[in-house]
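Q: Chains A and B, in that order, give the protein sequences.
Going by the working numbering, the first sequence opens with residue 1, and the numbers climb by one from there.
Going by the working numbering, the second sequence opens with residue 1, and the numbers climb by one from there.
Hints were generated in silico from the structure; no laboratory data involved.
Owing to the predicted nature of the structure, the values given are computational and were not obtained by experimental measurement.
Careful: at least some of the hints might be erroneous.
[Claimed, not checked] Subject to a maximum C-alpha distance of 25 Å in a straight line, what follows is the list of computed DMTMM-like cross-link-like pairs (lysine to aspartate or glutamate):
(1) A/LYS189 / B/GLU38
(2) A/LYS50 / A/GLU407
(3) A/LYS27 / A/GLU17
(4) A/LYS222 / A/GLU209
(5) A/LYS22 / B/GLU106
(6) A/LYS220 / A/ASP183
(7) A/LYS23 / B/GLU120
(8) A/LYS189 / B/GLU106
(9) A/LYS234 / A/ASP162
(10) A/LYS343 / B/ASP91
(11) B/LYS41 / B/GLU106
(12) A/LYS365 / A/GLU408
(13) A/LYS339 / B/ASP13
(14) A/LYS26 / A/GLU2
(15) A/LYS259 / B/ASP91
(16) A/LYS339 / B/GLU106
(17) A/LYS177 / B/GLU59
(18) A/LYS156 / A/ASP183
(19) A/LYS39 / B/GLU20
(20) A/LYS177 / B/GLU5
(21) B/LYS107 / B/GLU20
(22) A/LYS319 / B/GLU25
(23) A/LYS69 / A/GLU291
(24) A/LYS321 / B/GLU38
(25) A/LYS43 / B/GLU47
(26) A/LYS180 / B/GLU37
(27) A/LYS180 / B/ASP13
(28) B/LYS116 / A/GLU63
(29) A/LYS404 / A/GLU59
(30) A/LYS365 / A/GLU51
(31) A/LYS50 / A/GLU63
(32) A/LYS321 / B/GLU106
(33) A/LYS26 / B/ASP13
(34) A/LYS27 / B/GLU25
(35) B/LYS28 / A/GLU38
(36) B/LYS116 / A/ASP324
(37) B/LYS65 / B/ASP91
(38) B/LYS113 / B/GLU5
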Amino acid sequence: MEDVICTFCGSVCDDGEFDTEKKKVKKFCRLGSSKFAEKQRIKAPMIDGKEVSYETAIEKAAEILANAKKPLLYGWASTANEAIRVGVLLAEKLGGVYDQCASVCHAPGTLAVIEEGLPGATLGSIKNRADVVIFWGANPAEAHPRHGLRYSISAKGLLVKDRKQRKVVVVDVRPTKTAKMADMFVQIKPGYDYAIISALRAIISGNAEVVPSEVGGVAKEKLIELAEIMKKAKYGAILYGLGVTQSRGRDRNVENAIKLIQLLNRTTRWVIWPMRGHYNVVGAGEVPAWEVGYQYAIDFSRGYPRFSPAEFSAVEVLKRKDCDAALIVASDPVAHFPKIAVKHLKQIPVIQIDPYPNMTTLLAKVVIPSAVYGIEAEGTAYRMDCIPLRVKKIIETSYWTDEKILEEILKRVEKLKG
Amino acid sequence: MVVVELITGRTLDQGATVEEKLSEEYFKAVSYIELNEEDFKLLGLKEGDSVKVSTDFGEVVVFAKKGEVPRGVAFIPMGPYANMVIDPTTDGTGMPQFKGVKAKIEKTGERVKTVKELLEAI
């Protein structure tokens, strides 16, 4: 089968070939190939480790959720929009909290966009036009291995035809694999992104004299050189990663970077875009935004949606012990949350819906295995640049989809809650 | 003992094994720390020795590895080992500080826990 879509990272490559006999995918990167490789699955639904039917597990899950005062519904980045939609309805019905993987990934960027807007572009536009690409705190060589080839480093575009016509800059705290592919590497001290962006803004706006001889481990001369590259670009793109959103400054780093882009746009054309991680982490924010107005950290406990990351992000809710049950869909917070948040997950009943056993499985009371979108089920997912793609079903399975499981839970919750 | 700024992040190995978290491959992909060669020497380490990483937020034992990080910076792949020691403060954003946490590194005779043991210890 041709034009197979990869449901691993935010690049959502759509040009794979799947050999149905050998059950192997061609063209994709190591991450994409691992997605399509056969691996250990959760064999059957379980309650307290004992195998049960889908119906029994769903009944138990609905009972736990309906009896909870304030359940946390978390995950969603590795499932399809259709399932996320039901998840938001379920959170509303339960008076719970909806949060998604971006809250430990790119959510600070969302806060910056609320303040400043987002001068963005599609990946196609970057491929065709960008003569300067800056990866800032992003390492696509390891996190999005085909991004450079398809869109941003060696991609052949309409106006920028090859690698020679594109200047690639990497700003990072260590010489990553991506830094080695760049024309210029700016090595900064951890946590100095904000100061360096401010220095670039000062230089570009004609106030280089206020910049000290070194900022965040970078010599002023190098910053002036970078500023010149940025000013001379016909079409530039800053593609930022978690180096920006997970370091000191978080949302303020992104806000400052957007202001830098706004400044550059007075004389030339620049865009900025986050390098989103999971294949549908954008959908995990866009779907609740269509339905209730917010992208993450949404609390329904008062009967209407409230947005406050300081209170309703999963990590804050768990740290404050402000949830008495959790539904985890397409995610593994036990492996990816700080210890103190995991501590509370160990104290409350956890329901997990996922195709694969992971660390959350080890503590979940109810485990419900699901089909893998893009392999065993079809659905819609947003690529990192907000382009919706229809991911395909390429093999048959007896596993239920996340959408079906959540719909059945919702039906039962509606009965229980009246 | 050396003091470093700890950063965490993705690696190709972590990504390729992330859907097999209970496997030996995932354990190998996430249970190490990369240190600068000089810091490595200062601690008298050989590749694969155990080191204890301590921060204000917890401690964890991981394998030592030489890495291309600047002196005074250390890297642990994102995952359960890194999350034992990162700063859970979110400053109102929901985002813990996964990068730039001050950490003490020392050589230890303690064994590196499996992911299951790690969870049991929380």
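Q: Each hint needs a verdict: does it hold in this structure or not?
A: Results of checking the hints against the structure:
no.: 1; hint: A/LYS189 / B/GLU38; in the structure: 18 Å, holds
no.: 2; hint: A/LYS50 / A/GLU407; in the structure: 23 Å, holds
no.: 3; hint: A/LYS27 / A/GLU17; in the structure: 7 Å, holds
no.: 4; hint: A/LYS222 / A/GLU209; in the structure: 15 Å, holds
no.: 5; hint: A/LYS22 / B/GLU106; in the structure: 48 Å, violated
no.: 6; hint: A/LYS220 / A/ASP183; in the structure: 19 Å, holds
no.: 7; hint: A/LYS23 / B/GLU120; in the structure: 37 Å, violated
no.: 8; hint: A/LYS189 / B/GLU106; in the structure: 23 Å, holds
no.: 9; hint: A/LYS234 / A/ASP162; in the structure: 15 Å, holds
no.: 10; hint: A/LYS343 / B/ASP91; in the structure: 20 Å, holds
no.: 11; hint: B/LYS41 / B/GLU106; in the structure: 12 Å, holds
no.: 12; hint: A/LYS365 / A/GLU408; in the structure: 18 Å, holds
no.: 13; hint: A/LYS339 / B/ASP13; in the structure: 23 Å, holds
no.: 14; hint: A/LYS26 / A/GLU2; in the structure: 10 Å, holds
no.: 15; hint: A/LYS259 / B/ASP91; in the structure: 21 Å, holds
no.: 16; hint: A/LYS339 / B/GLU106; in the structure: 21 Å, holds
no.: 17; hint: A/LYS177 / B/GLU59; in the structure: 29 Å, violated
no.: 18; hint: A/LYS156 / A/ASP183; in the structure: 17 Å, holds
no.: 19; hint: A/LYS39 / B/GLU20; in the structure: 7 Å, holds
no.: 20; hint: A/LYS177 / B/GLU5; in the structure: 20 Å, holds
no.: 21; hint: B/LYS107 / B/GLU20; in the structure: 29 Å, violated
no.: 22; hint: A/LYS319 / B/GLU25; in the structure: 31 Å, violated
no.: 23; hint: A/LYS69 / A/GLU291; in the structure: 23 Å, holds
no.: 24; hint: A/LYS321 / B/GLU38; in the structure: 43 Å, violated
no.: 25; hint: A/LYS43 / B/GLU47; in the structure: 38 Å, violated
no.: 26; hint: A/LYS180 / B/GLU37; in the structure: 19 Å, holds
no.: 27; hint: A/LYS180 / B/ASP13; in the structure: 18 Å, holds
no.: 28; hint: B/LYS116 / A/GLU63; in the structure: 28 Å, violated
no.: 29; hint: A/LYS404 / A/GLU59; in the structure: 14 Å, holds
no.: 30; hint: A/LYS365 / A/GLU51; in the structure: 12 Å, holds
no.: 31; hint: A/LYS50 / A/GLU63; in the structure: 18 Å, holds
no.: 32; hint: A/LYS321 / B/GLU106; in the structure: 33 Å, violated
no.: 33; hint: A/LYS26 / B/ASP13; in the structure: 19 Å, holds
no.: 34; hint: A/LYS27 / B/GLU25; in the structure: 23 Å, holds
no.: 35; hint: B/LYS28 / A/GLU38; in the structure: 20 Å, holds
no.: 36; hint: B/LYS116 / A/ASP324; in the structure: 23 Å, holds
no.: 37; hint: B/LYS65 / B/ASP91; in the structure: 32 Å, violated
no.: 38; hint: B/LYS113 / B/GLU5; in the structure: 23 Å, holds
Violated hints, listed in ascending order, are 5, 7, 17, 21, 22, 24, 25, 28, 32 and 37; each of the other numbered hints is respected by the structure.
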